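Chain residues, written in single-letter form:
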Amino acid sequence: MARLPTGGRFYCCLFLFFTALLAGCMNLQTQKALQKAKTSGPDLVELEEVKFYPQKAYQCGPAALAMALQWSGLSIEPEALISEVYTPACKGSLQAVLIGAARRHGRVAYPVSGMDAILKEVAVGHPVIVLQNLGLSWYPIWHYALVVGYDLSKGDIILHSGITPYKRLSFRVFENTWARSHYWGLLVLRPDQLPATVQTMPYLEAVLGLEQARQWSASVVGYKTALTRWPGNPGALMGLGNSLYMLGELTGAEEIFRKACRLHPTSGSAFNNLAPGLSELGRRQAALDAAQRAVNLGGPLKALYVKTLEEIQGGVP
Amino acid sequence: MHFIRRTIKHVSCFLAFAIFLVSVPFNQADAALVKTETVLTMAQGQKARESVLSFLDRKEVQTAMKAQGINAAEVKARVDSLSDAEVARIAGQIDSLPAGGGALGTVVGAALFIFVVLLITDILGFTDVFTFVKSQRR
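Line order of the protein sequences matches chains P and G. Here the first sequence is numbered in the working numbering, starting from 1 and rising by one per residue. Here the second sequence is numbered in the working numbering, starting from 1 and rising by one per residue.
Quick caveat, the hints were computed from the structure, so don't treat them as lab data. Bear in mind that the values here come from a model prediction, so they are computed numbers and not experimental data. Some clues are possibly wrong.
Claimed, not checked - Result set (EDC-like, lysine to aspartate or glutamate): computed pairs, CA atoms no more than 16 Å apart in a straight line: (1) Lys-76/G <-> Glu-50/G; (2) Lys-224/P <-> Glu-255/P; (3) Lys-35/G <-> Glu-77/P; (4) Lys-47/G <-> Glu-205/P; (5) Lys-51/P <-> Glu-84/P; (6) Lys-47/G <-> Glu-74/G.
Stated by the list, open to error - Residues of chain G placed beyond 10 Å of chain P at every Cβ, according to the derived structure: (7) Ala-32; (8) Leu-33; (9) Ser-54; (10) Phe-55; (11) Leu-56; (12) Lys-59; (13) Asn-71; (14) Leu-82; (15) Gly-92; (16) Phe-113; (17) Val-116; (18) Leu-119; (19) Thr-131.
Ideal Cβ placement from N, Cα and C applies to all residues, glycine included.
From just these sequences and the hints, can you work out the full model?
Following this line, the structure appears as structure tokens:
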């Protein structure tokens with residue numbers, strides 16, 4: 001055997017060392033999450049109320065979403081979702097499209113990431129859609145599955161995946177395949193449910209998604225849910241008022257915007273959004289007062305407030 | 001030919017009516033509402049600003065700035081003049097600072113900490129360490 005030069009041997013050892021290190025090791029955060037779950041939650045979780053749909057070729061996206069939607073109380077078959085989420089050119093479904101489809105069905109699509117988060121969600125009974133790369137980074141085989149449980153004593157995660165219900169996969173293999181999607185996960189919840197790992201801004205953005213999908217009845221419930229958790233939150237109040245207004249529930253919207261004005265008296269936007277509804281209810285003077293108040297408060301949106309005032313002044317008394 | 005012309009007439013009447021329906025706004029004052037999206041974006045900008053200011057209030061940051069001969073009050077005044085996007089970028093860096101941990105964590109934390117302090121002072125024009133940062137006053 002030819003002797004390697006000293007430097008070469010050093011790098012050889014270094015390489016072997018890192019290979020050995022990588023082979024048996026899980027992401028530190030995952031290890032911590034598993035430790036934490038062991039001390040805080042149940043050892044074995046298996047969500048029994050999640051119906052399983054076996055997927056057809058390449059159609060894991062529609063299948064995973066259908067299972068999640070079905071769990072959330074909608075009766076829907078994967079076939080009905082194919083046209084909404086399946087992109088034939090990609091032989092798959094894009095993450096953003098999946099989110100959009102959940103919203104169009106009036107469900108809050110809340111992204112979650114990391115082992116810690118999905119263990120917590122599953123422990124309280126929420127199944128989580130995950131995106132895995134079953135192949136390698138340079139030869140990807142993307143796959144959506146639904147996490148429906150875990151078994152800490154055996155070290156398994158439990159998935160509705162492909163054609164197998166309650167498929168068990170070791171945390172290490174799951175971690176490796178999931179890491180390649182940067183730990184992408186998605187909750188599909190009824191708008192009256194809050195994620196176990198909920199955070200203010202991501203939740204409000206998820207409800208905003210419902211509003212943008214013109215699912216105003218759902219976004220009304222979503223913002224109300226947000227307000228039970230964060231009473232008086234200005235974003236949730238404004239969203240609720242706007243959604244009610246879009247539904248044509250003008251008196252309901254007025255009540256909410258008035259509350260926003262009372263709790264946040266320096267918010268020009270609250271006064272501004274109060275005005276058009278009042279005007280449509282035929283209370284011109286009150287509308288003018290609110291719009292004027294917004295203009296007086298000013299701020300970065302002043303131009304818009306002025307426009308509101310002018311529109312009401314220009315309208316028929 | 002006559003049949004086609006007659007059909008087209010019907011179709012175009014229908015289309016004109018459909019376009020009319022679509023183009024009449026759902027609500028007359030609709031355009032003047034402040035969108036929820038705008039409210040949330042502004043709230044986020046505000047939150048990022050607060051987190052940067054509270055970072056600047058931390059003792060070790062104050063010490064680090066003093067060592068550079070930087071006036072803390074002036075730094076805060078300049079943060080107010082940053083755009084929301086710039087403040088959000090700094091706040092993102094602050095959020096990714098590791099909170100304590102082992103010996104390795106402390107070393108990484110210290111390096112990141114210095115990076116964040118220099119990033120802020122670069123943007124504010126007190127220092128000029130990173131070429132990718134465009135100072136406010138250049």
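**Message:** I'd like to know which numbered hints this structure contradicts. Please list them from smallest to largest.
**Reply:** Checked against the structure, the hints that fail are numbers 3, 5, 6, 7, 8, while the rest are satisfied.
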